[in-house]
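Those sequence lines, one after another, are chains A and B.
For the first sequence, the residue numbers in the working numbering are 1 to 431.
For the second sequence, the residue numbers in the working numbering are 1 to 431.
Calculated from the structure, these hints are not laboratory results.
Don't take every hint at face value.
Capping the alpha-carbon separation at 25 Å, the derived lysine to any residue pairs in SDA-like fashion look like this [as the list claims (entries may be wrong)]:
id, chain 1, residue 1, chain 2, residue 2
1, A, Lys233, B, Asp24
2, B, Lys233, A, Leu40
3, A, Lys330, B, Asp24
4, B, Lys233, B, Gly315
Sample of chain B residues at the chain A side, in silico, Cβ under 7 Å [claimed, not checked]:
id, residue
5, His131
6, Thr144
7, Glu161
8, Glu162
9, Ser213
10, Leu320
11, Thr405
12, Val408
Residues of chain A clear of chain B, computed beta-carbon distances all greater than 12 Å [said to hold, decoys possible]:
id, residue
13, Met154
14, Pro295
15, Arg377
Cβ atoms here follow ideal geometry from the backbone N, Cα and C, with glycine treated the same way.
Protein chains: 2
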Amino acid sequence: MSEPGTGLFTDRYELTMVAAALADGTADRACVFELFARRLPDGRRYGVVAGTGRLLEALTRFRFSPADLAALESVVDPATLDWLRDYRFTGDVDGYPEGELYFPGSPVLTVTGTFADAVVLETLALSIYNHDCAIASAAARMVTAAAGRPMIEMGSRRTHEEAAVAAARAAYLAGFATTSNLAAGQRYGIPTAGTAAHAFILLHDDEQAAFHSQVAALGTDTTLLVDTYDIRKGIANAVEAAGPGLGAVRIDSGDLGELARQARDQLDELGATNTRIVLSGDLDEYAIASLRAEPVDSYGVGTSLVTGSGAPTAGMVYKLVEVDGRPVSKRSSAKESRGGRKSALRRFKPTGTAVEEVVFGAVGGRGEDTPLGPHDRLLPVPMVRGGELMDGTGSLADARERLRTALVSVPWEGLKLSRGEPAIPTVFPNA
Amino acid sequence: MSEPGTGLFTDRYELTMVAAALADGTADRACVFELFARRLPDGRRYGVVAGTGRLLEALTRFRFSPADLAALESVVDPATLDWLRDYRFTGDVDGYPEGELYFPGSPVLTVTGTFADAVVLETLALSIYNHDCAIASAAARMVTAAAGRPMIEMGSRRTHEEAAVAAARAAYLAGFATTSNLAAGQRYGIPTAGTAAHAFILLHDDEQAAFHSQVAALGTDTTLLVDTYDIRKGIANAVEAAGPGLGAVRIDSGDLGELARQARDQLDELGATNTRIVLSGDLDEYAIASLRAEPVDSYGVGTSLVTGSGAPTAGMVYKLVEVDGRPVSKRSSAKESRGGRKSALRRFKPTGTAVEEVVFGAVGGRGEDTPLGPHDRLLPVPMVRGGELMDGTGSLADARERLRTALVSVPWEGLKLSRGEPAIPTVFPNA
Chain A
1 MSEPGTGLFT DRYELTMVAA ALADGTADRA CVFELFARRL PDGRRYGVVA GTGRLLEALT
61 RFRFSPADLA ALESVVDPAT LDWLRDYRFT GDVDGYPEGE LYFPGSPVLT VTGTFADAVV
121 LETLALSIYN HDCAIASAAA RMVTAAAGRP MIEMGSRRTH EEAAVAAARA AYLAGFATTS
181 NLAAGQRYGI PTAGTAAHAF ILLHDDEQAA FHSQVAALGT DTTLLVDTYD IRKGIANAVE
241 AAGPGLGAVR IDSGDLGELA RQARDQLDEL GATNTRIVLS GDLDEYAIAS LRAEPVDSYG
301 VGTSLVTGSG APTAGMVYKL VEVDGRPVSK RSSAKESRGG RKSALRRFKP TGTAVEEVVF
361 GAVGGRGEDT PLGPHDRLLP VPMVRGGELM DGTGSLADAR ERLRTALVSV PWEGLKLSRG
421 EPAIPTVFPN A
Chain B
1 MSEPGTGLFT DRYELTMVAA ALADGTADRA CVFELFARRL PDGRRYGVVA GTGRLLEALT
61 RFRFSPADLA ALESVVDPAT LDWLRDYRFT GDVDGYPEGE LYFPGSPVLT VTGTFADAVV
121 LETLALSIYN HDCAIASAAA RMVTAAAGRP MIEMGSRRTH EEAAVAAARA AYLAGFATTS
181 NLAAGQRYGI PTAGTAAHAF ILLHDDEQAA FHSQVAALGT DTTLLVDTYD IRKGIANAVE
241 AAGPGLGAVR IDSGDLGELA RQARDQLDEL GATNTRIVLS GDLDEYAIAS LRAEPVDSYG
301 VGTSLVTGSG APTAGMVYKL VEVDGRPVSK RSSAKESRGG RKSALRRFKP TGTAVEEVVF
361 GAVGGRGEDT PLGPHDRLLP VPMVRGGELM DGTGSLADAR ERLRTALVSV PWEGLKLSRG
421 EPAIPTVFPN A
């Protein structure tokens, strides 16, 4: 119980709403909140559900410590402080399993509980999903663009230090092979990787000395950074230092395609035919795709990964859709929501290709008993019941495999990098 | 000492470089690393230094616990593990004080120490600066656009839960009045604010019931959200519930300028002449500027703030510039750096308007003894000496005031929102 609480990752208005609802007797009304994206980021074909494992873990730590409560004395009244002191989420959570695809309107997460129990989770749930889904969705496109070549996630330095750990997790979920982030290695068991920085070369009297030192410390299978001075000389020095069994060279600047071809030729001439070529330096999914014909063995991706490649937040919202069994929704503008609890299924062709996302009203139930066609798959799964985590939710390895499988089912246009419509349409037969 | 360590917010290659440098005897070479931005985000006129206080605090926790070291057994050799076990930063840090402006090439932070001591801080320093500077730089433009109207930071839900706390801090530094984020309130003493969500209205049997409940719980000075159903009816219900002394109404959707005018007229007709109008809903600096002529009293800003309004990372790098008194720099490509320790001064007109950023070589010293012209101001200040924090660094209130003053000195073109060149040029007389 020494783990820090997550209760204060909350917007003030959630607690003042609880205060008012406790006072007027509506705090205990049975509510259903739904987390979903109204649309995908501009031109994207699919979204990737990510953050589920992190949210479920954070939910177990959603508590208010004595220090937290002291800080809240100026925010809410004593009755609300008492309520917060005893807070434990006792409701239910259903949702798309982590690694599943989502589309506009997909009910990615559904939280069932009293108003007060469920409304306080709004900010935490949205923070985790909006960040992690944005990163995983961008990462999946990069993995597709890399067409099987392994990718190293190395964007930690371009984002908040804790967001970096979550980004490494989302990238691994999406198929990245490794991360440079040591905290992600420790926390989630993600394989870590790394090469060397230009600083290491510059520290030494010359490039040869730096390469000899690195090989002595890390073995010949290491990756030597060859673009500090002259790349051609750098490659010659690298093979001289490590022998033709050198693991890899990394090039971090310049015209990467041209440099990769030259490096391959030179390495082959030197007998280093198995030495791999690692490219890095402002790569995004488009740059990666443009390198497909080049002799590249792996990519290091940083900035574009951790910033969601132009879409740093997923645009998820958390909306109250049902109160005491009655559908509710905002009605004043274009930002409307469909009221009522919903569930969803994905419809496939007999060949296994996805055809459409069916989001349907599930009033009075959770959709588990929905009659499914032979090629339909129900999407939400139960994750929390009465505040207790269900077994088998939240595994990162499962999520990684689930996404790999799901992407195989996407119609081929849906895997294009170019801007377009969602890969499959969302239909709302009765929602 | 129960605070969690920050040692693992580090890329793997930093530790393997330390391992190689410990083995070859270069780990103790006297090094200078410089943190700077090669350029500002596309079209931006200035950057805002932010994150200094967070970095200095994180530096005091840069340690490797037994659990951390266990996780690193597969990464580095036993000698390096021993070195990490005893790690304490014992070097010096100089830098631009938090809240100062920066321009391309400004030496925002300079870390002096042995190679091993200083290289391991690379990722942590960059993560904090790249995130916090990006947010503060965007926030400052929004504050300028708001022209004195108070701004509420409410973007927590659009970014990682810990990044949200740092974003609230950066926004406050940049002049935002309040944040919705309760953790930021507790951790940094930032004033918190909030209104109510549409969920609170929908929870109740009707809008009147919701408004009466909120006023009963929070008083007539509260802010009522009036756009759940019909805004005109919402405003009438709001004044009916709270009386003409109602604090504020919030409008979160629709044509905000038109709605603000209508709302002001209606409120005035109802005698609620002092009731404020709060606008929110996908506002960025351009939208805020476009509302300058409208009867708006304050703005709530979310997504665009926490994503840096198109520039979610500041593009800072951390480069080795000096080894044992010798300038060093990468030389293979356009991504060159200027070698050697540098300092900087800002030159002003007698009127107090900034003219240029002068980044000069400070080999053999730190620039403190640089002869200054009558309108020059030396920018870096000492922050850490021999691993010990200097007094008076890292205050958020000071940073807020510093930025306010600095923006007054920017030439008027530099405060324009439109894309253009940096507000003042950076010159490198000898660097």
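Do the hints match the structure? See the list:
1. A:Lys233 to B:Asp24: 22 Å, holds
2. B:Lys233 to A:Leu40: 33 Å, violated
3. A:Lys330 to B:Asp24: Judged against 25 Å, a Cα distance of about 67 Å means the pair is violated.
4. B:Lys233 to B:Gly315: 48 Å, violated
5. His131: The hint holds - B:His131 has a Cβ within 7 Å of chain A, the shortest such distance being about 4 Å.
6. Thr144: Violated. Min distance 23 Å.
7. Glu161: Where the cut-off is 7 Å and the nearest Cβ of chain A is about 4 Å from B:Glu161, the hint holds.
8. Glu162: With a minimum Cβ separation of about 4 Å from chain A (threshold 7 Å), the hint on B:Glu162 holds.
9. Ser213: 4 Å, holds
10. Leu320: It holds, given that the least Cβ distance between B:Leu320 and chain A is near 4 Å, below 7 Å.
11. Thr405: With a closest approach of 27 Å, the B:Thr405 hint is violated.
12. Val408: Given a least distance of 30 Å, the restraint on B:Val408 is violated.
13. Met154: About 7 Å separates A:Met154 from the closest Cβ of chain B, which leaves it inside 12 Å; violated.
14. Pro295: Correct as stated: the minimum Cβ-Cβ distance to chain B is 20 Å, above 12 Å.
15. Arg377: 30 Å, holds
The structure fails to meet hints 2, 3, 4, 6, 11, 12, 13 from the earlier list, while all remaining hints are met.
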